[in-house]
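Taken in sequence, the protein lines are chains A and B. When the letters of the first sequence are read in order and numbered with full-length UniProt numbering, they come out as residues 1 to 534. When the letters of the second sequence are read in order and numbered with full-length UniProt numbering, they come out as residues 1 to 534.
Among the hints, erroneous ones may be present.
The list treats identical chains as interchangeable, and a pair is accepted whether it falls inside one copy or across any two copies.
Unchecked claim - Taking lysine to any residue and the SDA-like style, the derived pairs with C-alpha atoms no more than 25 Å apart in a straight line are:
#1 K287 with T20
#2 K66 with T93
#3 K248 with E209
#4 K523 with I36
#5 K531 with T35
#6 K19 with H192
These are calculated hints, taken from the structure and not from any lab test.
Protein chains: 2
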Amino acid sequence: MSEKHDAVDLSHHISDFAKTLDSRLAFGKPGPPGTISLDGGVPDTEYFPIESITVEYLKPDSFPLKPTDALPHGPGVLGWIANVLTGKSNKTTDSYTISRRLGPDDQSKFELKTALTYSPITGLPALETIVADWVKRVHQPAYSNYATLVDVGASCAWSSCLSILLNPGDSFITDRYAYNAALYQARARDVHPVAVATDLDGLSAVDLEHVLANWDEKARGLRRPRVIYTQGGIQNPTGLMISTQRKKDIYDIVVRYDLIIVEDDPYYFQQASHPYQHNNTVPQPQKQSDEEWIDSLVPSFLRFDYEGRVIRLDTFSKTIGPGGRLGYYTGSPQLLEKLQALHQSYITFPSGVAQAVFGELLHRYQSEGFARWLRGLTSQYELRRNWAIDALYDALDLHAKSQTRALVAYAPSDGQISEKSKPKTSLMSFVPPDGGMFMWFNIHLHNHPRYHALARQTSPAAAKNALATELWTAIADAGVILRRGELFASEDDEERVRLGEEDIFLRASFSYGPREDLEKAFKIFASVLVKFFE
Amino acid sequence: MSEKHDAVDLSHHISDFAKTLDSRLAFGKPGPPGTISLDGGVPDTEYFPIESITVEYLKPDSFPLKPTDALPHGPGVLGWIANVLTGKSNKTTDSYTISRRLGPDDQSKFELKTALTYSPITGLPALETIVADWVKRVHQPAYSNYATLVDVGASCAWSSCLSILLNPGDSFITDRYAYNAALYQARARDVHPVAVATDLDGLSAVDLEHVLANWDEKARGLRRPRVIYTQGGIQNPTGLMISTQRKKDIYDIVVRYDLIIVEDDPYYFQQASHPYQHNNTVPQPQKQSDEEWIDSLVPSFLRFDYEGRVIRLDTFSKTIGPGGRLGYYTGSPQLLEKLQALHQSYITFPSGVAQAVFGELLHRYQSEGFARWLRGLTSQYELRRNWAIDALYDALDLHAKSQTRALVAYAPSDGQISEKSKPKTSLMSFVPPDGGMFMWFNIHLHNHPRYHALARQTSPAAAKNALATELWTAIADAGVILRRGELFASEDDEERVRLGEEDIFLRASFSYGPREDLEKAFKIFASVLVKFFE
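Just chain A, with the same shape it has in the complex:
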């Protein structure tokens, strides 16, 4: 085993704004034990009106690893009744109480005395430990002195990374299609996304190197990007995963070109256990323990990060609940110190109520239990993905495209027409997602009967925009809301048209709602799409 080293010096990556941040200036110094502090503007802990919080929680194995197709809607009341009747449910609850103060024999790690007052910027110490242990267990960073820091969720975390790394006028590299709110946040700060091509294995290492090696500051009007924003697990919006080899290739380039990766990864644990297979909605779970399951996940960029060039953003939004507003960074202490100073002067710390409620849950689960919980959830999302694609199979003619993982959709034959006379015009294609929450539909606008004429009359960009609006509106009028693909475009329309991308995209979530709604919505989308192409 090679010995791990400390992170390299990355101080030249700190933004002008963040260079001036020094959290030590704003606050008083702590004293030795026994000191009486009259320093803070803090209520006495006896003055909090909340005496205790008791949480009833689902046991880690509440969701089966092989979810039944009969499950009407997760474990919900009806579902549970049905499952109890059919003997399929493990749904049981347990509870914990967070008291004003910990008693000597208390099993809990959290108390309201600390949860209801000002937390340290680094969060409640018990949560810090849980987070650090979990990162060590799951990600095993390749350098020794990495640190973790709690935050209020990945959106804010990315915004904070923008603040400490990039100056207005700077740029960063990201996927051709990237999380829309992340792009919006950057643009609001006058920080410019630069697109790199994405293929089935994720962000293209070849295109990345091409962009960096041939960067023309004058022609671009931007300094060469120093930061990559991407998603290490399941990418939003594409639902695809960056392969292990691709991560290694990208990391090599990152070191050579002195870059930083911000790895925003809310869907990391939603890696499906099986690729989608038609008519096999509920595949057998892999034969492995929950601990083995953790190790079977595609490693994050952190695993290969031997220089401390990755700031990884994790969140509990998709694993416990977005309402916690709780997540954490992992990265080099030098960069996390700047994030901490930024927090000090802005968000301060995540809600202590959420820290205690979520933290105690994690403590009760322990890492094995949390792994089991995540595995059960992931099975649910896998099932939903399969429901959604099965519904499309019902409504469209879907064909696997040779030598790719894509499915190509045609208008359904009416059964009267022979196989030979099947219309040759494809409507759209998509790659069944590797997990996560989204499907990403590539609408074949180049096959649309009105596109080319419209493009000649106006411009390709105008034609694309007009037809994208027409399609999105028709789907909405039929009662289904999808998210328009242009929102995810990291370069603007003219740029993409120049690059020969004449198609448009739509993102559809399969992560929530009753099964019948999900299937209905995907079928409505399919039927509107068929009509749109007529």
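Use these hints to put chain B onto chain A, whose structure you have.
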């Protein structure tokens, strides 16, 4: 009754950064009822591991309006036992449960289904209503279309106000001594505090007008300030209140000079019912109902704001608990819309767990109950203020300074020396606070035996700094942490020395800890101070 009008147009006060913010760009549009949304990256509400949260809370009248001196430490376990034995406690608890989903007969206003998922940026609707009703009840703004918006506490709220109002290089007006973190946040954004003198009635209207009328952009190197940051209730660090008349005077100037006030007011409800009186630690409560008590509070700037020029920052940090990270703005819809857009791209929304736990508490209390709770708390802080000053009386010779509200401190006479030979050199002075959590000690450095020689050898600023460090360190070495006054200085040391302020300040909190620690700490401070002047 004069009719209230809408806020005036203040769009010219929006910062360059905030002008580009448009929250509508980043997110999809909602559909009509019955629409199936596949738009969000949201877990199904059945996938949250938390089934219910039960909160045991203190009833509103848990703290007496006339707190007994015998109360050892708030209502804590020992205190309660003692009080039950002496028949003095009202401490009882009640409880509520926040379930995964509201049942038809549920008394609760909050459910985990919404609290654990993404909230609207404007917060959970039930909390929005509670906040709006409370603001209407307490502050009665003088214009009609004011709005409220939840935030994650006043520190972050001020930082957000800086973002939407001021450009780097801009300035704002504040008290000569102002909340240190607020100054730090501004300076970190290259936004410069400009000091206005403060007297016993608060920020000086005369000096404010003087500064504005005589602003010399060239000499100052700064554009004329457009924003005032101050505290409407109890000021931090001075513990003093801006009087009603002074607020009116300042507001007139604000309108004439087209300014905006950011009224940061965490201690608004901690207005003591009586001025400090020696040997009257536990005064009789005012004879009034809890509703009358609300109306008896010194009005905030909002009450006089007929043009929508005040952004008021409220927080639950001092009234429920800082760990909630929950507060709210009140202000003109035009400004709050920009804050909302900023939140959208940064903090998103306050923790839904805290929103539900705190929101349901407020719902159970109702506004009368919350008023009673606040009144009980305020009595506790008043008692603590009185303990602290009584302790100083024990350790120092304190004398009321004629025609001011200040107490001047001398080294204690040893009892052997006659009244006439009492040392004439004062050590410090302070004004017994009008409420809040702090005492603000003016250390009479001009009387220090080494100050003048040291100032001649080095410089007044260097001498001040050296002696301030010496004093603070001596107090810390004796086991008490105070906060250094320089941290609160809105203009730097050289500037203050130029202004003839040769004294230094220390802030001491009396808001927390057992009575014996509090008294001990204030006595230690006093004895170190006496020694320091020897």
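Those earlier numbered hints the structure runs against, lowest number first: 1
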